[in-house]
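Protein chains: 2
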Amino acid sequence: MALVPSHSAAPPPRCATPVPPPFPHPWGGSLGPDECLSFPCPVLREDGFGARPQYECYLAELPPGQTNKEGGSVVGYVLFTYTYSTWKGRNLYMDNLYVQPQFRGQKIGKRLIEKAAQAAVSKGCGQLRMHVANWKAKDKDFLARQGGEDLTAKEGWTLFNLDEDALRRLAAQSTI
Amino acid sequence: MALVPSHSAAPPPRCATPVPPPFPHPWGGSLGPDECLSFPCPVLREDGFGARPQYECYLAELPPGQTNKEGGSVVGYVLFTYTYSTWKGRNLYMDNLYVQPQFRGQKIGKRLIEKAAQAAVSKGCGQLRMHVANWKAKDKDFLARQGGEDLTAKEGWTLFNLDEDALRRLAAQSTI
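Chains as they are written, first to last, in my numbering: chain A, 1384 to 1559; chain B, 1384 to 1559.
The set of hints was computed from the structure by calculation and includes no laboratory data.
Since no wrong hints were added, every one of them can be taken at face value.
Note that the list lumps identical chains together, so a pair holds whenever it fits in one copy or between two copies.
Restricting the straight-line Cα-Cα distance to at most 25 Å, the calculated cross-link-like pairs of lysine-lysine (PhoX-like) are: (1) K1493 with K1452; (2) K1519 with K1537; (3) K1537 with K1521; (4) K1471 with K1523; (5) K1521 with K1490; (6) K1537 with K1523; (7) K1471 with K1519; (8) K1493 with K1506; (9) K1523 with K1493; (10) K1537 with K1471; (11) K1490 with K1519; (12) K1493 with K1519; (13) K1490 with K1523; (14) K1490 with K1452; (15) K1521 with K1493.
Given only the sequences and the hints, what does the whole structure look like? Please build it.
In structure tokens:
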């Protein structure tokens, strides 16, 4: 198993032709409905591997010659950006950590979060944050084993979201 | 009231000399203990207004000649970065929206979040996200009036955090 960073010189695994859901994995192969990827494939590729990356990621790739059952070589990934806190300075925000179900139990997720932690340390981040659905006990247990704390349970933090319609309304109201 | 972006050509309001808490406001004046700023002043300034900005913000500044009771001109701010979602592409993450207590009720917070929304729309963001402590009813009401939804209540999202010690341990374990 190789962990390939988005900032490596090598081109990413080829994108499949865009098709309706279940979506092709933008970095090779095709993933099922629980893969947490719904953004159009070419956009996701360009945004990460293009000239002006909007995120960083590591792909977990099978050794040459091996493929998953969909014919792809990528079986997991971690995707992250950097945020900023007036209390802690730069933080790493992990949008997603994913391993295909048939490749779980091989410490691939552990290897991926270690790479995110390395990126965080190298960029001077004091924290790594991510969101987990509160019914995903296995995911929460995994993060807890890595030293993670549930700040919603401990400190009462709730996540608010303004969708695109709300943003457009607000932006249009600005008079300054 | 002027809203001054961190990416304006003009230099930011001068930083006070670093002193122990209560911390000087990095953009001018000095704020009380609820001001949500604890990062060392020169670092916070450099990280936002220096050569390689790590965040964007808008400062709410009093008209020339007016000051707050601490002698500063900045009475509020909104501070944000960009994250990335495999479902929605680029998002805006609002770390903090703050108005000094004596200047509340004048729609300054509303003007500031409108500027964040403008930034989000101009950068093609489909979402604006932020965290609010669940006991802060006024803050939650404010966000709800702007069209915000509590995704922790609606969808069960919880916030996990790995602190610096956990990050260093994880990073050191990486063998790939």
